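Working from the sequences, and respecting the hints, build out all of it.
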Amino acid sequence: MQHDCVIDKKIGKDRTLDKTHALDQFLSQVERRAFKIAKLAVGNHDEALDIVQDSMFALVQKYANRPSEEWTPLFYRILQSRIRDWYRRNKVRTTWMSWLGFRKDNENDELENALEALPDPHGRDPSQVAANEHSMEDLEVAIKILPLRQQQAFLLRTWEGLSVADTAIAMKCSQGSVKTHHSRAVHSLRETLKEHWT
Amino acid sequence: MSEKDFLNKVKKQLDEQSEHLDAATLSKLNQARQAALAQVNPKPSRLKNNWLPASGLAAAVLLTSVFLFRSEEITTNSNHGMDDIEIIASSDNLDLYEQLDFYMWLLEENNSAG
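If you're matching them up, the sequences are chains A and B in order. Quick note: the first sequence uses our numbering, first residue 1, plus one each step. Quick note: the second sequence uses our numbering, first residue 1001, plus one each step.
Just so you know, the hints here were simulated from the structure itself, not pulled from any lab data. Check each hint, because a few of them may be wrong.
Unchecked claim - Straight-line Cα separation of at most 30 angstroms, BS3-like style, residue types lysine-lysine; simulated pairs:
hint, chain 1, residue 1, chain 2, residue 2
1, A, Lys194, B, Lys1011
2, B, Lys1011, A, Lys144
3, A, Lys144, A, Lys194
4, B, Lys1009, A, Lys62
5, A, Lys172, B, Lys1009
6, B, Lys1012, A, Lys179
7, B, Lys1009, A, Lys194
8, B, Lys1009, B, Lys1028
9, B, Lys1004, A, Lys179
Said to hold, decoys possible - Facing chain B, a subset of chain A residues (Cβ under 10 angstroms, in silico):
hint, residue
10, Leu49
11, Val52
12, Ala64
13, Ser68
14, Trp159
Keep in mind the model is a prediction, meaning the values are calculated, not measured. Ideal Cβ positions, reconstructed from N, Cα and C, are used throughout, including at glycine.
If you want it as structure tokens, here you go:
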């Protein structure tokens, strides 16, 4: 009886370790892209980190016991939900700020200029870096100015490689809406980038 | 550029950006992940800490119960002692012992008659 109890405890511990390991692997795979998606959406480094951290906590807390195949759409559903929450809060804050007569000042410009002057940590050729950075900047700007739903559909489908069905779960909308948002996003990006990406 | 080529180029650029995140950001992402994973497998020491007040309370309850039980037992025993003294000291019982010869004679008479 006691022996069975010890075996049950060991199996339980092994399962917990397996689950932890699987979750660790999953989160390691998605965390960079999740951060980038959040940063493209909210435009702020620290806010993007907070959003990713909240999403990780929520996934582990609520869905750790779900099959691992479901984690990707669930994680991105949480992430998109957190981004939308941020948008709502930010809209209220911006409305109040503009109503009270405050405006954003460029206090971080000096720091950003100083960081840009530093050498490339990966040892790439400066001209290549400049060309790539311009190209990346163009892409980033083009993605940032997309409406949020188009941005989400585009990043989840094209970059994360989610199926239409999983993207619909992540975005809490129909598959038809996903296709429409994605198609419009691709059209808009090609229009914006055609001069730079020929 | 075909749509497929365009999308491949976008994907490649985004992949490159995410691969070259700075060390501070990667460290924070790692910390966030570890903190989230700690919910699956809470540290045993924390569990022990959670049980500490409960075990202290249980010990206090046990000690109080033992103390109350023992004091009740002492009180009960002392009552029994008082009862015994009362029985021994009661005058009825002394009368019984004084008339013991009479009761013995009555028993013998009944036996011989029967």
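Right, here's what the structure says about each hint:
At most 30 angstroms may separate the alpha-carbon atoms for a hinted pair to count; lysine 194 (chain A) and lysine 1011 (chain B) meet this at roughly 16 angstroms. Only pairs whose Cα atoms come within 30 angstroms are accepted, and lysine 1011 (chain B) paired with lysine 144 (chain A) is accepted, the gap being roughly 15 angstroms. Of the pairs offered as hints, the one joining lysine 144 (chain A) and lysine 194 (chain A) holds, with about 16 angstroms between alpha carbons and a cut-off of 30 angstroms not exceeded. Proximity of lysine 1009 (chain B) to lysine 62 (chain A) is assessed by CA-CA distance (about 36 angstroms); at most 30 angstroms being required, the pair is judged violated.
Under the criterion of a C-alpha separation no larger than 30 angstroms, the hint pairing lysine 172 (chain A) with lysine 1009 (chain B) is consistent with the structure, at around 28 angstroms. Between lysine 1012 (chain B) and lysine 179 (chain A) the CA atoms are separated by roughly 22 angstroms; this keeps the pair inside 30 angstroms, and the hint holds. The straight-line distance between the Cα atoms of lysine 1009 (chain B) and lysine 194 (chain A) is roughly 13 angstroms, inside the 30 angstroms bound, and the hint therefore holds. Between lysine 1009 (chain B) and lysine 1028 (chain B), the direct Cα distance comes to roughly 29 angstroms. Compliance with the 30 angstroms bound is thereby established for this hinted pair.
Taking the CA atoms of lysine 1004 (chain B) and lysine 179 (chain A), the gap is near 16 angstroms; set against the 30 angstroms cutoff, the hint holds. Interface hint at leucine 49 (chain A): satisfied, since its Cβ lies 5 angstroms from the closest Cβ of chain B, which is below the 10 angstroms cut-off. Evaluation of the valine 52 (chain A) hint against chain B yields a held restraint, the C-beta minimum of about 6 angstroms falling below 10 angstroms. Hint status for alanine 64 (chain A) relative to chain B: holds, with the closest Cβ pair at about 6 angstroms, below 10 angstroms.
At a threshold of 10 angstroms, the smallest CB-CB gap from serine 68 (chain A) to chain B is about 13 angstroms, leaving the interface hint violated. For tryptophan 159 (chain A), the interface hint holds, the least distance from its beta-carbon to any beta-carbon of chain B being 5 angstroms, beneath 10 angstroms.
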